[in-house]
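Novice: All chains should be modelled from the sequences, with the hints used to inform the complete structure.
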Amino acid sequence: MIPQAVVPVLPDFTFVACILFILLVPLAAAGIALLNTGLGRSRSAAHSMMASLAVFAIAAVVFFFCGFAFAGFAGAPGHILRIAGKDWGWLGAQPFFLHGIRYDGSAPSLVALFQMLCVGLAAMIPLGAGADRWRLGACCASTALLAGITYPIFAHWVWGGGWLAQLGANYGIGRGFVDAGGSGTIQVVGGLTALAVAWILGSRRGKYAADGMPAAIPGHNAVLVLFGCLLALFGWFGLNSAGAILFAGADPRRCVLIAINTTLCAAAATLATALVTRLRFGKPDASLCANGWVGGLVASSAAAPFLAPAAAVLIGVVAGILVALSVEWFELRFRVDDPGGAVSVHAVCGIWGLLALGICARMPDGPLNGASGNGSQWLAQVVGIATLFGFVLPLTYGLNALLNRFFPQRVAAEGERQGLDLHELGAGAYPEFLTHTDDFLNR
Amino acid sequence: MIPQAVVPVLPDFTFVACILFILLVPLAAAGIALLNTGLGRSRSAAHSMMASLAVFAIAAVVFFFCGFAFAGFAGAPGHILRIAGKDWGWLGAQPFFLHGIRYDGSAPSLVALFQMLCVGLAAMIPLGAGADRWRLGACCASTALLAGITYPIFAHWVWGGGWLAQLGANYGIGRGFVDAGGSGTIQVVGGLTALAVAWILGSRRGKYAADGMPAAIPGHNAVLVLFGCLLALFGWFGLNSAGAILFAGADPRRCVLIAINTTLCAAAATLATALVTRLRFGKPDASLCANGWVGGLVASSAAAPFLAPAAAVLIGVVAGILVALSVEWFELRFRVDDPGGAVSVHAVCGIWGLLALGICARMPDGPLNGASGNGSQWLAQVVGIATLFGFVLPLTYGLNALLNRFFPQRVAAEGERQGLDLHELGAGAYPEFLTHTDDFLNR
Amino acid sequence: MIPQAVVPVLPDFTFVACILFILLVPLAAAGIALLNTGLGRSRSAAHSMMASLAVFAIAAVVFFFCGFAFAGFAGAPGHILRIAGKDWGWLGAQPFFLHGIRYDGSAPSLVALFQMLCVGLAAMIPLGAGADRWRLGACCASTALLAGITYPIFAHWVWGGGWLAQLGANYGIGRGFVDAGGSGTIQVVGGLTALAVAWILGSRRGKYAADGMPAAIPGHNAVLVLFGCLLALFGWFGLNSAGAILFAGADPRRCVLIAINTTLCAAAATLATALVTRLRFGKPDASLCANGWVGGLVASSAAAPFLAPAAAVLIGVVAGILVALSVEWFELRFRVDDPGGAVSVHAVCGIWGLLALGICARMPDGPLNGASGNGSQWLAQVVGIATLFGFVLPLTYGLNALLNRFFPQRVAAEGERQGLDLHELGAGAYPEFLTHTDDFLNR
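Residue numbers (this note's numbering), protein chains in the order written: chain A, 6 to 448; chain B, 6 to 448; chain C, 6 to 448.
If you are wondering where the hints come from, they were derived from the structure by calculation, not from laboratory data.
Please note that the accuracy of each hint is not assured.
In this list, chains with the same sequence are indistinguishable; a pair is considered to hold if it fits within one copy or across any two.
[Stated by the list, open to error] Below 25 Å or equal to it, Euclidean Cα-Cα: the simulated SDA-like pairs (lysine to any residue) are:
#1 Lys-288 - Ala-146
#2 Lys-212 - Ala-316
#3 Lys-91 - Ala-391
#4 Lys-212 - Leu-384
#5 Lys-212 - Leu-427
#6 Lys-212 - Glu-421
#7 Lys-288 - Gly-420
#8 Lys-212 - Ala-98
#9 Lys-288 - Gly-142
#10 Lys-288 - Gln-423
#11 Lys-288 - Thr-392
#12 Lys-212 - Leu-439
#13 Lys-288 - Arg-415
#14 Lys-288 - Asn-409
#15 Lys-288 - Pro-219
#16 Lys-288 - Arg-410
#17 Lys-212 - Ile-154
#18 Lys-91 - Gly-380
#19 Lys-288 - Gly-431
#20 Lys-288 - Glu-421
#21 Lys-288 - Cys-145
#22 Lys-288 - Leu-427
#23 Lys-212 - Pro-413
#24 Lys-288 - Leu-150
#25 Lys-288 - Ala-418
#26 Lys-212 - Leu-337
All values derive from a computational prediction rather than experimental measurement.
Specialist: Given below as structure tokens:
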């Protein structure tokens, strides 16, 4: 049972702001779906959107079934490991099926709704990396693993009062690992899953020539991609604000600062990407700039409530440069074929956002995660990032590799040639438009 | 005049939540517009969007002119019929032109705004059924009848304190007919109008072969369709929450539950449709899954504030199965040519949502519609559904048939061959793209 | 430093409503971006969206850097000119970089966020006029001038307690120039900049024949255009409401009226445009109707909180007629080639909105801009409009002409033939779709 004593009921004022911020989150997911679809091929466009809807649905149902039980919420009892005289939470212990939650303005009810939508957003991220070759059934199964296992475990550690959050109270390392809007919990978890999926699936047919040089396969609709960015900004306003209220104790009045920082960070990132691509290729690259915009949003999430606007601009500039460079690194050096740029945008910029909190943030005066320590916040962030690399990446890779063993994730070669729309859905996205079919079929 | 005594001024907290929920409703309408357009043909895509804008505009203006006067609001005086010693409200009696409404946080002002946007949403539903053959002028005239007569009458009975709402207080049948978010008032009224319009217009050229077998005419843009679903979810958050506050006395704190139920219902419905179409056709059908998603939203509206999340999942599963099967029933057995699936999605799932309230809902403790009775709520719902079939369907059919008499609703055969865009607007939606013109012209 | 005494902290209730209204504004910008892109050619579609993102980013960064410092806010100290014994504010004097703003629910923090998003919206307006021939770099430079100089100066005069706002308190002319939602500050400033840009750029290749007759160059995607309208409505709800709260002291409860008026004004305008184009050309013109819709939104902004709904309908009808006629005037008589109709929609309808406030508005009882005078409100509006023509238009023309001198704004002839996408971004928006390339290349 949920003990009454620790379940705070939010003030009316905070509650109304919070639920409305939360309701904006699906538009962030819609933005990412458009981005992924536009960056993919026209012959798998319906598949990409259909997969977005399906993984959002699977994520919501699985999180309702068991995900929330494992994620828990701060202040609730969870499974605890006693090490060296300290209690460390390692898994939530709520009832399944959202049982026992009270819908009377209590924080846990908002946390459940928020995370149900966030996990749907996280589940869309790998779709960008698996575009044009990931089977629909496998997307769904992989999402079930993400929403039922990977995400809830890490979310419990960070947002559910688990051991990463307790680093401050237990060992005096800053205020523990802080990630207000989910740069790590949502974005890096999704981005590392995208990396695992891209590794497991391998590259698209025709992506790498015999000499290892990657071919450019342009996205089929740049308008969708860039429109997706504007929707994502709107969704991120909600994401960053709701997260700050629920997980960093931010006052809703501070959400003005959060919105300013989110806007400036995305703006600065886009301009930085445009400059870098302009300098390197002679022309700004629209797809990369879109990725830069989202990378700026991703980097802003962790620390948005704690930044001066000038710091947000700086963080955005770095995020934009990181996107412009890392997309190429992954493609050329690591031979990761990631059509949507999901790894660069969500994993790389997410990690930068977490780190930036340790570097640039001015933490609030009151306690956070039960600790008020200053000074070594960067250390807590590094521990969190190390956990993402050392635990979450192996976990999500292992789960997806296991799944791949019993239920092959990649579509048959014939299906890839034909396009996922016809092969898996039996109908194309744009049946009346003429496309350069031959061109692409011959690759 | 509006008597002051009965016009409650909402608490600040509730007011702010409510107006913001209401403002989300146009995005539900935008989602439905994209869905209808994507499921139609490319040569009538501009016409479909233009008709969406036009009917939204007509609906708002007519509802402002007389619709609100007839719809009224609970607690206000209306036209009353005294039968067997009981007073039954049958029509609102507010002044025209929204005269006399006070914009001081009063519930009626919110009701007027909410319904003005809802009737625009209801008016878009028939566009899905009349796609590719419904004249623009006739859409507008038909909408004027819907927004000025059909919708306000039924809305008065349910939301305006009319006889369906009074069933509980007058005869002890549950709490009277309850429809918190408009499964009946908006969706079934729109869906039955769609059915009437489809009957009156007849099927598209080439839809049915000489032997009566329907041809599949795929929608021209699956990306629009599936993106419309994500927008609709966002709009439905507002629809279900605002309706629950205004018409079911729900506390804004309960809107967390409403959002969870709405999400789960849409998610479960999509997955159910995907499974059923997978089992029947070997592949999941993206268009039907999109319809399943919206069907789940529609079914969630009536009872969202009164459901346990597990019940919402169940209702969604049934809605998804109903969509998958009923689209075929209507097409094959009843020979209703409904390109957008409007009848299945809005009428069938709406009725299921109303019924589901009678079956699965745990009604609140306090009185609703002036009654606190439990137990026979299903009976009130059945009476409401019977009224929709026995009164609203004949009324909307009669009005549209009458209109058809004096102002033919179907476009000339020549216009259908040419495409509605060129014929009625003088320009195509996509003038620069090459389409399979010949193919379709020869049908 | 910002003196504490004059910085009001908004009540919680008002604050939450206000921030959420503000967050809707980017969707107005997204709607305008889609409108501009859909009304342009397919071969510059990616460029149009990319420019939208870029100018939004530039506007945010420049406004953060110096724009807000110059715009200031009412009650704060500014640069003052003493003429004839009266103090007239002519420029804000806040610190740069949003320094000194307190994020504790203070009105200035909301003003900073709101205007940062508004200036992004204003910066997108000229993109419609410069479509298919405006260089990306020049768009960005021009936006920096708009966001750093033109917009802040006029915004200070109107919203920052400058001399136009002081007309009432100083000379008893109504309540001073009133523009609650930015018909002038955002729309006319943007629209006049669009006019200046269209003049400086000249017309597109092939737009005018040797005999001076303009050719119709249809937009490439009517679905985007009309969908943009529905998004814009949603964004305008936020724009008009937040502006009314922050700059006209409106009570949030009045926002119900604002939303009703906004909806009715857009609806009436669309219907009026449809009727006029139907009467003139035999068929309603979908692109012009979309422009009519936005023109209605633009006209509603100035006076939305002060109008009876019937007046909003009237204002909308006039706006719709103005759009239908003025697009042709500009094209035929003044030979302004404005593919997106930006001048008609934003400048003409914006001026009508400002004027309509003087004619139809019922001003609130309390003081506004420190004055309570009635009667000569129209005079204050005329002074404001004269300032727009006499000062803002020359200023923005001069700045853009100067820019053009050192940094040519128009793309090279070769680039226009090729399409801006390929020329400036190196990739088309729709690489897989077949388009009527030859047709258009030969113009």
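Novice: Is it within, between, both or neither when you check Lys-288 against Gly-142 at 25 Å Cα-Cα?
Specialist: For Lys-288 and Gly-142, the Cα distance is within 25 Å only across copies (11 Å; inside one copy 39 Å).
Novice: Should Lys-212 paired with Ala-316 be assigned to within, between, both, or neither, using CA atoms and 25 Å as the limit?
Specialist: Cα proximity of Lys-212 and Ala-316: none, with 38 Å in one copy and 47 Å across.
Novice: Are the CA atoms of Lys-288 and Leu-150 at most 25 Å apart within a copy, between copies, both, or neither?
Specialist: between (41 Å within a copy, 23 Å between copies)
Novice: Can you tell me if Lys-288 and Arg-410 fall within 25 Å by alpha carbon in one copy, between copies, both or neither?
Specialist: Between copies only: 23 Å across, 43 Å inside.
Novice: State whether the alpha carbon distance between Lys-288 and Ala-418 is at most 25 Å within one copy, between copies, both, or neither.
Specialist: Between. Shortest inter-copy distance 18 Å satisfies the 25 Å Cα cut-off; intra-copy 35 Å does not.
Novice: Using 25 Å as the alpha carbon limit, work out where Lys-212 and Glu-421 are close: within a copy, between copies, both or neither.
Specialist: within (12 Å within a copy, 32 Å between copies)
Novice: Should Lys-288 paired with Arg-415 be assigned to within, between, both, or neither, using CA atoms and 25 Å as the limit?
Specialist: between (35 Å within a copy, 17 Å between copies)
Novice: Is it within, between, both or neither when you check Lys-288 against Leu-427 at 25 Å Cα-Cα?
Specialist: For Lys-288 and Leu-427, only the inter-copy Cα distance (10 Å) is at most 25 Å; the intra-copy one is 35 Å.
Novice: Check Lys-288 against Gln-423 for me: Cα-Cα at most 25 Å, and say if that holds within a copy, between copies, both or neither.
Specialist: between (33 Å within a copy, 15 Å between copies)
Novice: Regarding Lys-212 and Ile-154, is the shortest C-alpha distance of 25 Å or less found within a copy, between copies, in both, or in neither?
Specialist: This pair counts as neither: shortest intra-copy Cα distance 32 Å, inter-copy 48 Å.
Novice: Using 25 Å as the alpha-carbon threshold, which applies to Lys-288 and Gly-420: within, between, both, or neither?
Specialist: between (35 Å within a copy, 13 Å between copies)
Novice: With identical chains treated as interchangeable, where does the CA-CA distance between Lys-212 and Pro-413 reach 25 Å or less: within a copy, between copies, both, or neither?
Specialist: within (21 Å within a copy, 39 Å between copies)
Checked against the numbered hints given earlier, the structure breaks hints 2, 4, 8, 11 and 17 and satisfies all the rest.
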